Amino acid sequence: KQEVTQIPAALSVPEGENLVLNCSFTDSAIYNLQWFRQDPGKGLTSLLLIQSSQREQTSGRLNASLDKSSGRSTLYIAASQPGDSATYLCAACYNQGGKLIFGQGTELSVKP
Amino acid sequence: GAVVSQHPSWVICKSGTSVKIECRSLDFQATTMFWYRQFPKQSLMLMATSNEGSKATYEQGVEKDKFLINHASLTLSTLTVTSAHPEDSSFYICSAPRQNTEAFFGQGTRLTVV
Chain F
1 KQEVTQIPAA LSVPEGENLV LNCSFTDSAI YNLQWFRQDP GKGLTSLLLI
51 QSSQREQTSG RLNASLDKSS GRSTLYIAAS QPGDSATYLC AACYNQGGKL
101 IFGQGTELSV KP
Chain Z
1 GAVVSQHPSW VICKSGTSVK IECRSLDFQA TTMFWYRQFP KQSLMLMATS
51 NEGSKATYEQ GVEKDKFLIN HASLTLSTLT VTSAHPEDSS FYICSAPRQN
101 TEAFFGQGTR LTVV
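If you read the protein sequences in the order shown, they are chains F and Z.
Take the first sequence: its position 102, counted from the start at 1, is 102 in this note's numbering, and no numbers get skipped.
Take the second sequence: its position 85, counted from the start at 1, is 85 in this note's numbering, and no numbers get skipped.
Some hints here could point you the wrong way.
As the list claims (entries may be wrong) - Derived DSS-like pairs (lysine-lysine); straight-line CA-CA distance at most 30 Å: (1) K41(Z) <-> K20(Z); (2) K20(Z) <-> K42(F); (3) K111(F) <-> K41(Z); (4) K41(Z) <-> K1(F); (5) K41(Z) <-> K64(Z); (6) K42(F) <-> K66(Z); (7) K1(F) <-> K42(F); (8) K41(Z) <-> K42(F); (9) K55(Z) <-> K66(Z); (10) K64(Z) <-> K1(F); (11) K14(Z) <-> K41(Z); (12) K1(F) <-> K66(Z); (13) K14(Z) <-> K66(Z); (14) K1(F) <-> K68(F); (15) K41(Z) <-> K68(F); (16) K66(Z) <-> K41(Z); (17) K55(Z) <-> K111(F); (18) K64(Z) <-> K42(F); (19) K66(Z) <-> K20(Z); (20) K1(F) <-> K14(Z).
In case anyone wonders, no lab produced these hints; they're calculated from the structure.
Given the structure is predicted, the values throughout are model-derived calculations rather than measurements.
Next up, chain Z with everything else stripped away, as it sits in the complex:
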């Protein structure tokens, strides 16, 4: 079964609203989680590293004020897309690595901003 759970799997929102996506590690603690974005027909691009108990680390070109990341516990990280616009429509997916094993990914969230 899934070891990383991501919700919601899809969401449609109006332009200007905010959307929160949750990523949970189900049977292990994850001090670090990663958030990726995937545009159609493209590969996954790392957006940010979520660190439990401290600020997230953002990749170059990713607006930290637009993509708010909170890693409040060892099993939960959230990504909030603030003031969403149509160009934010994408597939967002999180991963939580277990040390020395493969990275486990959530099911992904398809965000459509209308």
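So that you can see chain F by itself, here it is in the shape it has in the complex:
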């Protein structure tokens, strides 16, 4: 069964700290992996997408890595800010069709 797991479930850090969110997937034959941000009561904002042939993607203070052999992806957030507070979801896609399997999310709180 294809499953995606995220740890930790919640994380609280002081402003300015660098942090890493973890995502693991049971089936390594992924097509791509995507990281999203979700604010309370809102929809999803796509942050980064990593194709299966890629090892990492960067956007501003965000860097996502992908290691298919170990079934893991990480989202690195540099110099965290209170505005980064949200739930971060990773999702694995196993074919071109676009169906995603989501992790449970990590609820991040950045304290000023």
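Use these hints to put chain Z onto chain F, whose structure you have.
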């Protein structure tokens, strides 16, 4: 700007009534769209795959007669929650993937059944 538009963003309905949620791809055609449901403090769970011009494919445990999906055009899919009950209260969100790019999501619909 948004490439997938979902309406309404929130709806309150009485128990036993039906509610229709629309999902539109704004600047691309989507032969396939996906409907997800998210309960509070939980992740998104795929409910069904909406296929343009053919029947939707439902995930195990999702009642197809309760959650009617219609994908009548290449830019529009609708989800109708029929005979809604309080346990159907949830956050429903659609996505429309563009081939070889990321999945684009609608804004989501908060359904409350009273």
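Okay, the hints, checked on the actual structure:
For the hint linking K41(Z) to K20(Z), the alpha-carbon distance of about 24 Å falls within 30 Å, and the restraint holds. For the hint linking K20(Z) to K42(F), the alpha-carbon distance of about 19 Å falls within 30 Å, and the restraint holds. Of the supplied pair hints, the one linking K111(F) and K41(Z) holds, its CA atoms being roughly 21 Å apart against a limit of 30 Å. Restraint check: the Cα-Cα separation between K41(Z) and K1(F) comes to about 23 Å, which is no more than 30 Å; the hinted pair holds.
About 25 Å separates the Cα atoms of K41(Z) and K64(Z), which keeps this hinted pair within 30 Å; it holds. With a C-alpha separation of about 25 Å, the suggested pairing of K42(F) with K66(Z) holds against the 30 Å cut-off. Annotation: proposed proximity of K1(F) to K42(F) holds, straight-line Cα distance about 29 Å (limit 30 Å). Taking the CA atoms of K41(Z) and K42(F), the gap is near 13 Å; set against the 30 Å cutoff, the hint holds.
This hinted pair checks out: K55(Z) and K66(Z) have alpha carbons roughly 14 Å apart, not beyond 30 Å. Only pairs whose Cα atoms come within 30 Å are accepted, and K64(Z) paired with K1(F) is accepted, the gap being roughly 23 Å. Taken as a hint, the K14(Z) and K41(Z) pair is honoured in the structure, with Cα atoms around 24 Å apart against an allowance of 30 Å. For a cut-off of 30 Å, the pair hint linking K1(F) to K66(Z) stands: about 26 Å separates their Cα positions.
A distance of roughly 16 Å separates the Cα atoms of K14(Z) and K66(Z); the hinted pair therefore holds under the 30 Å criterion. Restraint check: the Cα-Cα separation between K1(F) and K68(F) comes to about 16 Å, which is no more than 30 Å; the hinted pair holds. About 28 Å separates the Cα atoms of K41(Z) and K68(F), which keeps this hinted pair within 30 Å; it holds. A distance of roughly 24 Å separates the Cα atoms of K66(Z) and K41(Z); the hinted pair therefore holds under the 30 Å criterion.
With a C-alpha separation of about 48 Å, the suggested pair K55(Z) and K111(F) falls outside the 30 Å cut-off, and the hint is violated. Of the supplied pair hints, the one linking K64(Z) and K42(F) holds, its CA atoms being roughly 26 Å apart against a limit of 30 Å. Our distance criterion of 30 Å between C-alpha atoms is met by K66(Z) and K20(Z), whose separation comes to about 12 Å. At roughly 37 Å between alpha-carbon atoms, K1(F) and K14(Z) are farther apart than 30 Å, so this suggested pair is violated.
Going through the hint list in order, the structure does not satisfy hints 17, 20.
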